[in-house]
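Engineer: Bring the two chains, given one by one in their own frames, into a single complex with the hints.
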Amino acid sequence: MKVYLNGEPLEVADDTLAAALEAAGYGGAKVATAVNEDFVPAAARAATPIEPGDRIEVVTPRQGG
Amino acid sequence: MSDPVTFYGTEVSSRLMLGTSQYPSPAVLAEAFRRSGAGIATVSVRREAGGSRAGADFWRLISDLGVKVLPNTAGCHSAREAITTAQMARELFDTDWIKLEVIGNADTLQPDPFALLDAAKSLTAEGFKVFPYMTEDLILAEKLLAAGCEVLMPWGAPIGTGLGLNNRYGLRSLRAHFPEVPLVIDAGLGLPSQAADAMELGFDAVLLNTAVAKAGDPAAMAEGFALALKAGRLGYLADPMEPRDMAAPSTPVLGKAFLS
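First to last, the protein sequences are chains A and B.
Everything in the first sequence is counted per the numbering used here, starting at 1 for the first residue and increasing by one.
Everything in the second sequence is counted per the numbering used here, starting at 66 for the first residue and increasing by one.
None of these hints come from the bench; they were simulated from the model.
Each hint should be verified, as a subset may be incorrect.
[As the list claims (entries may be wrong)] Taking CB as the label site, the calculated pair distances span: (1) Asn36(A) / Gln175(B): 21 to 31 Å; (2) Arg55(A) / Leu210(B): 31 to 41 Å; (3) Gly192(B) / Asn36(A): 18 to 28 Å; (4) Asn170(B) / Arg55(A): 24 to 34 Å; (5) Gly235(B) / Ala13(A): 53 to 63 Å; (6) Lys279(B) / Met1(A): 41 to 51 Å; (7) Pro69(B) / Ala23(A): 46 to 56 Å; (8) Pro244(B) / Tyr4(A): 34 to 44 Å.
Backbone N, C-alpha and C fix where the C-beta goes; we use that ideal spot for every residue, glycine too.
Isolated chain B (complex conformation) (with noise of 0.2 Å):
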């Protein structure tokens, strides 16, 4: 089934975005990839020495996964800090993707949405196709969209915890406010069941990293997220039905054979 999700006008066949940090090797990375079917891999820019060669190696080994790259602002913690890191991802990976993370809290890693909105709009009126990092607030989804971005990233739960959806209230009210907006669940993940929540949910696609990365058996599992994702989108498309508190049989009752 060709199922295809579009940001910012671009087509991409996968809904899975895979992260490409904490993997035991870089042949550990290349074959989770290659079993995920990711379409986008997310990367970062970070200091380097004079005559080291890890960015060029790790930038060879990424240009060989043929897929498309989306850059962060990881670690940033003001906007101005998220700017410029963003102008410089911009140079270094040619492309105006980035995603933009303003962290405002050391222990949960949760985005500043007031940095973040400010960062957003300096950078969408520069040209980026911006894919905000947030949480799951509504209001700043609105002034998200407001400034530009035609994409919006809220959070499952902290990145790195595996928790799943910690609000599910919070993510459904989102999907029904912004039906035609895509939205993809960026971090807190850490099964394969819960990337399939999502999905039923009616959201477009999921990020992943830790998740994958940090599995025992991380090639395995981000297959096991591919499935699961394709499992709930189906689900999600096929019209569920509505959940209710009485039993109802299954089996029809007329014709039952009537036995004392």
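Chain A with its partners taken away, still in its complex shape (with noise of 0.2 Å):
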């Protein structure tokens, strides 16, 4: 199925945010995620499932004031 990850088209087989994330190479990357604009806790992505057209966002530590 097709969803966005931070914007661009991702095609993913499996339907959890977990999979999803593991699809698109963040591994065991420290990240923070949320699907549809509601945050996802990293312990919580195994269990949530992710339907088409879902909005993934994954976000990093970057520099802010």
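Structural biologist: Next comes the structure, spelled out in structure tokens:
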């Protein structure tokens, strides 16, 4: 199915957030996630279903003021 | 002189909080922090592509500074966006501190006071320790404190302008109304003298980024701000004289030779 990860289209085979992150190459990286603008804690990713068209955000630490 | 400031029960030795953005290089950032003596670094969360190491590299740089981290919600324009960003930041940085920014105007980067208050209420209810970036509005301050904020961060001037303290009356009024609340001037400073000014007005700390990072010599500017903060703070604690309109001789009049 097609979802959007950080605004870019992504084809994923499995239907969990954890599987989508794995498919997108995040592996064990230290990231935080949201699906359709709701925060999803790391511990909940494996049990969080995703559906076609879902918008996934993946963020990491960055410079800030 | 040891003169720590306390935010949400955590004592911090320096009254200078420093941003981590816009430096010419990571090495310059690290040197600016070293010479500033800052005890708190502001950071953000941003998108990262799979396989990239940018976030991990940046995090290692910040961890090596040995300072406390204050994540922000910079760039958020709604309460919901800010709340989700805060939740992601809490997990990434393992802290419940959050510098809450909800921007209301793209030109002035002025906080939206209504969305800010909504987000602050939600986040304090979730256990966040909120540092709200706000205008110097007294009523907004009252409502943010009632919502559970224990620190307030009024702007000096719009972010990145270097204009200094635009509304001294409003800032003095805020200080006078909330003598026990830690107040941090956040944004708008460009020169060390402006930071000294803020400290002389009785503010507890100053948060800087652009003024240091965009200086020709960021590390020197960082140290200049640190010295100015100390000077201003000492001046405030020393109970300054009252200004007056009429001159008053400082040299004794009595005993002056009568010469014509």
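Engineer: Verify the CB-CB distance for Gly235(B) and Ala13(A) against the hinted window 53 to 63 Å.
Structural biologist: At roughly 57 Å between Cβ atoms, Ala13(A) and Gly235(B) fall inside 53 to 63 Å, so the hint holds.
Engineer: Taking 18 to 28 Å as the hint, is the beta-carbon distance of Gly192(B) and Asn36(A) inside that range?
Structural biologist: At roughly 24 Å between Cβ atoms, Asn36(A) and Gly192(B) fall inside 18 to 28 Å, so the hint holds.
Engineer: Honestly, do Asn36(A) and Gln175(B) meet the 21 to 31 Å range at C-beta?
Structural biologist: Taking Cβ atoms as reference, Asn36(A) and Gln175(B) lie about 29 Å apart, which means the hint holds.
Engineer: Starting from the range 31 to 41 Å, see whether the pair Arg55(A) and Leu210(B) falls in it by beta-carbon distance.
Structural biologist: Since the Cβ atoms of Arg55(A) and Leu210(B) sit about 36 Å apart, the hinted range of 31 to 41 Å holds.
Engineer: Is 34 to 44 Å respected by the C-beta to C-beta distance linking Pro244(B) and Tyr4(A)?
Structural biologist: violated, 50 Å
Engineer: Between Lys279(B) and Met1(A), does the beta-carbon spacing fit 41 to 51 Å?
Structural biologist: Holds: the Cβ-Cβ distance is about 45 Å, inside 41 to 51 Å.
Engineer: Quick one: are Pro69(B) and Ala23(A) within 46 to 56 Å, going by C-beta?
Structural biologist: Roughly 48 Å apart at Cβ, these two residues keep to the hinted range, so it holds.
Engineer: Tell me if the beta carbons of Asn170(B) and Arg55(A) are separated by a distance inside 24 to 34 Å.
Structural biologist: holds, 26 Å
In summary, the structure is inconsistent with hint 8 from the numbered list given earlier, while agreeing with all the others.
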